[in-house]
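Number of protein chains: 4
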Amino acid sequence: MALRDQGDVICEGSPVLLYLDERRKYLTKVEKDRKIHTHKGYIDMSALIGLEYGSKVKSNIGVDFVALQPTLWDYVLKVVRKTQVIYPKDMAIMVFKLGLKPGMKVVEAGTGSGALTCALAFFVKPGIVYSYEINPSFQEVAKRNLERAGLLDYVVLKLKDITQGIDEENVDAVVLDMATPWLVVPHAYKALKRGGHFARLSPTINQVEKTVLELRKHDFVDIKVYELLLREIKVEEGAVRPEMFMVGHTGYITFARKSL
Amino acid sequence: MALRDQGDVICEGSPVLLYLDERRKYLTKVEKDRKIHTHKGYIDMSALIGLEYGSKVKSNIGVDFVALQPTLWDYVLKVVRKTQVIYPKDMAIMVFKLGLKPGMKVVEAGTGSGALTCALAFFVKPGIVYSYEINPSFQEVAKRNLERAGLLDYVVLKLKDITQGIDEENVDAVVLDMATPWLVVPHAYKALKRGGHFARLSPTINQVEKTVLELRKHDFVDIKVYELLLREIKVEEGAVRPEMFMVGHTGYITFARKSL
Amino acid sequence: MALRDQGDVICEGSPVLLYLDERRKYLTKVEKDRKIHTHKGYIDMSALIGLEYGSKVKSNIGVDFVALQPTLWDYVLKVVRKTQVIYPKDMAIMVFKLGLKPGMKVVEAGTGSGALTCALAFFVKPGIVYSYEINPSFQEVAKRNLERAGLLDYVVLKLKDITQGIDEENVDAVVLDMATPWLVVPHAYKALKRGGHFARLSPTINQVEKTVLELRKHDFVDIKVYELLLREIKVEEGAVRPEMFMVGHTGYITFARKSL
Amino acid sequence: MALRDQGDVICEGSPVLLYLDERRKYLTKVEKDRKIHTHKGYIDMSALIGLEYGSKVKSNIGVDFVALQPTLWDYVLKVVRKTQVIYPKDMAIMVFKLGLKPGMKVVEAGTGSGALTCALAFFVKPGIVYSYEINPSFQEVAKRNLERAGLLDYVVLKLKDITQGIDEENVDAVVLDMATPWLVVPHAYKALKRGGHFARLSPTINQVEKTVLELRKHDFVDIKVYELLLREIKVEEGAVRPEMFMVGHTGYITFARKSL
Chain A
456 MALRDQGDVI
466 CEGSPVLLYL
476 DERRKYLTKV
486 EKDRKIHTHK
496 GYIDMSALIG
506 LEYGSKVKSN
516 IGVDFVALQP
526 TLWDYVLKVV
536 RKTQVIYPKD
546 MAIMVFKLGL
556 KPGMKVVEAG
566 TGSGALTCAL
576 AFFVKPGIVY
586 SYEINPSFQE
596 VAKRNLERAG
606 LLDYVVLKLK
616 DITQGIDEEN
626 VDAVVLDMAT
636 PWLVVPHAYK
646 ALKRGGHFAR
656 LSPTINQVEK
666 TVLELRKHDF
676 VDIKVYELLL
686 REIKVEEGAV
696 RPEMFMVGHT
706 GYITFARKSL
Chain B
456 MALRDQGDVI
466 CEGSPVLLYL
476 DERRKYLTKV
486 EKDRKIHTHK
496 GYIDMSALIG
506 LEYGSKVKSN
516 IGVDFVALQP
526 TLWDYVLKVV
536 RKTQVIYPKD
546 MAIMVFKLGL
556 KPGMKVVEAG
566 TGSGALTCAL
576 AFFVKPGIVY
586 SYEINPSFQE
596 VAKRNLERAG
606 LLDYVVLKLK
616 DITQGIDEEN
626 VDAVVLDMAT
636 PWLVVPHAYK
646 ALKRGGHFAR
656 LSPTINQVEK
666 TVLELRKHDF
676 VDIKVYELLL
686 REIKVEEGAV
696 RPEMFMVGHT
706 GYITFARKSL
Chain C
456 MALRDQGDVI
466 CEGSPVLLYL
476 DERRKYLTKV
486 EKDRKIHTHK
496 GYIDMSALIG
506 LEYGSKVKSN
516 IGVDFVALQP
526 TLWDYVLKVV
536 RKTQVIYPKD
546 MAIMVFKLGL
556 KPGMKVVEAG
566 TGSGALTCAL
576 AFFVKPGIVY
586 SYEINPSFQE
596 VAKRNLERAG
606 LLDYVVLKLK
616 DITQGIDEEN
626 VDAVVLDMAT
636 PWLVVPHAYK
646 ALKRGGHFAR
656 LSPTINQVEK
666 TVLELRKHDF
676 VDIKVYELLL
686 REIKVEEGAV
696 RPEMFMVGHT
706 GYITFARKSL
Chain D
456 MALRDQGDVI
466 CEGSPVLLYL
476 DERRKYLTKV
486 EKDRKIHTHK
496 GYIDMSALIG
506 LEYGSKVKSN
516 IGVDFVALQP
526 TLWDYVLKVV
536 RKTQVIYPKD
546 MAIMVFKLGL
556 KPGMKVVEAG
566 TGSGALTCAL
576 AFFVKPGIVY
586 SYEINPSFQE
596 VAKRNLERAG
606 LLDYVVLKLK
616 DITQGIDEEN
626 VDAVVLDMAT
636 PWLVVPHAYK
646 ALKRGGHFAR
656 LSPTINQVEK
666 TVLELRKHDF
676 VDIKVYELLL
686 REIKVEEGAV
696 RPEMFMVGHT
706 GYITFARKSL
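Protein chains in written order, with my numbering: chain A, 456 to 715; chain B, 456 to 715; chain C, 456 to 715; chain D, 456 to 715.
Since the hints were derived computationally from the structure, they do not count as laboratory data. Each hint should be verified, as a subset may be incorrect.
[Said to hold, decoys possible] Mimicking DSSO-like on lysine-lysine, the simulated pairs with C-alpha atoms at most 30 Å apart in a straight line are:
#1 B:484 - A:645
#2 B:556 - B:533
#3 C:533 - C:615
#4 B:556 - A:560
#5 C:679 - D:484
#6 A:648 - B:679
#7 B:484 - A:648
#8 B:689 - D:679
#9 C:513 - C:487
#10 C:513 - C:533
#11 B:679 - A:480
#12 C:672 - D:648
#13 B:513 - A:679
#14 C:689 - A:533
#15 D:648 - D:615
#16 D:484 - D:495
All chains should be built: construct the whole structure from the sequences, respecting the hints.
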């Protein structure tokens, strides 16, 4: 199910994104005899079974919803979160810069709510993401989020402190979203295959500085630090403008590659 | 070879990125008896054969270069360009938002220099990208860029005007980078499978408005327009700051999904 | 009083900004026998009389407040607002680009809540701002805000539709913040002295386009359109970063100068 | 002359901005029997005498120029520079946040090329700017720039190291653009009147952190750090978009007010 199975017909157990408008989208799983309640009435799940994704369904009060097949984007935005979650724009540039592809072996820390883990697993499957976390309750949440997205088979969840060392060897990439990344730099260097990628999301500029200085001490090259700002544009006929409010800062992303 | 073959040992014919520093990187192919000339001396290609990617080599004047395995990012940045090329940050969010994955069928127009085509093919292979272009000389350049990246097998290059119609059916995504996208909206609607994705990069806000209004006339939902700004951060110990100059605008990206 | 009188000692009737922290600042006027109530207790106004600005006072529960002399910035941020108010960053660049200085004659429309009117009057006094507004209730609010800032003497509030014409002649600048600025362009051209400045804040890009095209039809030169983004930086020791949320868009500012 | 005298008729000795287009503007002084040479022919200065500002003049090859009266903005952009110069957007927010007005007493360091000094003097005259600089050749350049703008009478240029102390007392504002502002914080506290303003432009985030921590140690309140990004919008009919290239970073501006 979930992201693994992209059949075009909705079955019992299929994931579905019920889309009402830009602001109201409901990610759920189809179960017979279940109703999903919204501000615009409820939708009887049985009515969805047998429809093609992309079809419209009406709530009991006659409002149209579109039954979309959830994408990776929908899953990471709708992750059940116990922690600060990485924004899709930042995940996207990571995936692209690292050149993630099927079969790769990636190490991640910390797992957190598993949103980034979903993205990594989506792009490397049938490869594996080894995901380190020290907080068992975060790991539990991440597990459920990965299950919902159908990606748990491609993730090894480890309850371990990555600052103590990385068990894996010859990995394609090490991806960090944690408070003391500079402590992991030597371990990452050891775990990475030659030319392998290091990536790190950091909210503060001080962590960026520390991490970059540590990367330079080891034999990392092609060190780049980026910040992405995303503006959403509001389009009304004759009245186009950026949205009044935006997320002004998510984090800085540091990239590097291991040389010998 | 190229992006298809990620062996760790450099052979004759292997692609290689010779990295000197942040600004000087040379993307080339290893050929015996060939030298690559740089501002810091030349490198004898024969010396690379048999090394692991990530190894260092010296130029004839003793300067160290790192022989990295080129990634998708390197290929799209080093594309031979005859046209304005989409920036990696914009490609990245497209790939991620569309949820591209192996086996998908994507329609693209125009091919241009083929940088975006590379990115699409990289993520959907062994799926296929059908790429429309009306300028034969652009298509020729794109072909060479796709060959170099080892991705030509996953692309059907079409010398055809997409505003006249799309031949393919039931496609997962239609991705446009051309001057009159609104003329393609009805064709895209027809070609897309239900729930399929539309994406469009546009330099001007006027094209955004026209495209969004046209998408609304047809049965597209989940219409979003984003603009991404990328800042590069310069890290010196005790002197961290954003780079003085930046690319201030590349384009707006419009996303939508087909409903019924 | 108010912005006119910058004596260093607080008297009865003096304006004061009671500063608790970055988020809690109270703009008020000192009156004997009045208390100002805050989340951190109340402050007895009588206690302020005779102190120098910049002094600390304690609330009844012993919390320190600083009694600052309000600046223009404080007044425009604390304006009683019935309308969308221009942000200080946008006012600032207007004042600077127009080169406003004492004695100038400026025409403004619409008055709105009078925040921009305050800024214009502050910099041109003893010159005059002629401010057009068609909504009497907005004008009433603006009058009170100008009074509070001590700037009403330098403003002529006019209940008139500026799209019907400008009464003044030989003015140094015309500053617009209204929905149909292009209708005012011909009137502005007539009212301005040679070389005089036109400025216009517009929330949408469509209004920018219309206004610039109209300015070009008339004999305006040095036409520039700017957008300013302001990020606030949060400084904690070892943890410096931009604020998570920011105002993503306020408006575009169009500048032009009349030639003959 | 210069910014002091804003008569509407051009005389011998008058400053003039010869405007050809957005990119080509020539700031000069009118002298009989002098020609100004441009890419579009030369202009005979004698022909300007007696014209009103805003009039058009033709070059010897028949190209129209507009003879504009230079504004503060023009002067600061056209400053003869020996040093990195503060951008107008940053000057503008400083002037506005500090609430500069006629009669104020301001301390500045370092003088540099005098661009910021021009702006400060323009808004406080007939008040005085006390400007500290340790490099005599910078001071010489600044003197010429202030003379050209007609503002030298309102500036006391001091060849002195401000980190050793500030001679002035009871000043309205201390404005710093120098490498070690934290060394000046105690002197600034002493020199400022109660409630007086501190402002500091800094290119790096590390300097921001040091300065803010130092301000907190002393009794400064209302500490704010801003960064301004300016985008220029390019307007062609039906093709409106931000400029492709922009200045991505100029500096962070730190503001604070002295309490007791």
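With the threshold set at 30 Å, check whether the alpha-carbon distance from residue 689 of chain B to residue 679 of chain D stays at or below it.
Given pair residue 689 of chain B, residue 679 of chain D holds - Cα atoms ~23 Å apart, limit 30 Å.
Within 30 Å, alpha carbon to alpha carbon, are residue 556 of chain B and residue 533 of chain B?
This hinted pair holds, its Cα atoms lying about 24 Å apart.
Does residue 484 of chain D pair with residue 495 of chain D here, judged by a C-alpha cut-off of 30 Å?
holds, 19 Å
Measure nothing beyond the straight line between the CA atoms of residue 533 of chain C and residue 615 of chain C; if it is 30 Å or shorter, mark the hint as holding.
Distance ~26 Å between residue 533 of chain C and residue 615 of chain C Cα, so the pair holds.
With a cut-off of 30 Å on the C-alpha distance, tell me whether residue 648 of chain D and residue 615 of chain D pass.
Answer holds: residue 648 of chain D to residue 615 of chain D is near 22 Å, not above 30 Å.
Pair hint residue 513 of chain B and residue 679 of chain A, alpha-carbon separation not exceeding 30 Å:
Holds, at roughly 23 Å.
Residue 513 of chain C paired with residue 533 of chain C [C-alpha distance capped at 30 Å]:
holds, 23 Å
Has the given pair, residue 679 of chain C with residue 484 of chain D, been kept, meaning a C-alpha gap of at most 30 Å?
holds, 24 Å
Straight-line alpha-carbon gap residue 672 of chain C to residue 648 of chain D, limit 30 Å:
violated, 51 Å
Mind checking the alpha carbons of residue 648 of chain A and residue 679 of chain B for me, to see if they're no more than 30 Å apart?
violated, 39 Å
Hint check: residue 679 of chain B vs residue 480 of chain A, CA-CA at most 30 Å. Holds or violated?
holds, 14 Å
Holds or violated: residue 484 of chain B to residue 648 of chain A, with C-alpha atoms at most 30 Å apart:
holds, 21 Å
In summary, the structure is inconsistent with hints 6 and 12 from the numbered list given earlier, while agreeing with the others.
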